[in-house]
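Participant: Sequence:
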Amino acid sequence: MADKDEDLPRDAKIVKSLLKSMGVEDYEPRVIHKFLELWYRYVVEVLTDAQVYSEHASKSAIDCDDVKLAIQSKVNFSFSQPPPREVLLELARSRNKIPLPKSIAGPGISLPPDKDTLISPNYQLAIPNKRPPQPMEETEDEEAADPNPSQEDKTDMQQNPQQRVSFPIGKRPKT
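Note that the numbering used here numbers the sequence shown so that position 10 is 65, with each residue one more than the last.
For the record, the hints were derived by calculation from the structure and aren't laboratory data.
Keep in mind that the hints are not guaranteed to be accurate.
Stated by the list, open to error - Calculated pairs, DSS-like style, for lysine-lysine (alpha carbon to alpha carbon, straight line, at most 25 Å):
(1) 89 with 75
(2) 68 with 89
(3) 170 with 152
(4) 185 with 170
(5) 89 with 114
(6) 129 with 114
(7) 89 with 71
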C-alpha cells in the first residue's frame, strides 16, 4: 500500500488523507479521481470568476480580494438557506388540509383508485351512433329535404348524440 501512495500525485494524496481524517477507510479507487475532478472544476470556476472581477476592476492581475469575492458569490448562489420553521409549518398545515385519496381496501399493498393512477384510460373516442338505413320513399324533393325534423328525431339526438368509449393505452409489441 505504501508503494501505491508514492505513485499518487500530490493532490490525490491530499484527497486520500482528507477521506482518512473523516473516518472513511474503505472506498473504491475511482472515488479519489471523482473528488479530484470536482475539486479542479470548482477551482477553475472560481478562478475564472476572479479573473472576470479583476478585469472589471481594471486590474492587471488577480489578487486575493478577487478570489474571495468569487468564492463568496459561488457560495451565495450554490447554497441556499432553508425557509424559516414557521413558513414550513404553515405550508405543512395547508397541504395537510387536503385529504389523501381513498385507497382500495384489500389484502397486500393498498392501491389508489384507478382514476388516480397512471394506467387509467386517458383518452376517449367519440363514435357516432349509426342508424340502420331506412328505405327512402320516393317523394317530392321538398319533402326529402325536411328542414324541420320530427319531434322524435330531435329527442333521440339530444339524448344520445354520440357514444363515448375509453381505452387504456397498452404497451406496444416489440418489433
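Participant: Would you list, in rising numerical order, the hints stated earlier that this structure does not obey?
Facilitator: Those not satisfied are hints 4 and 5.
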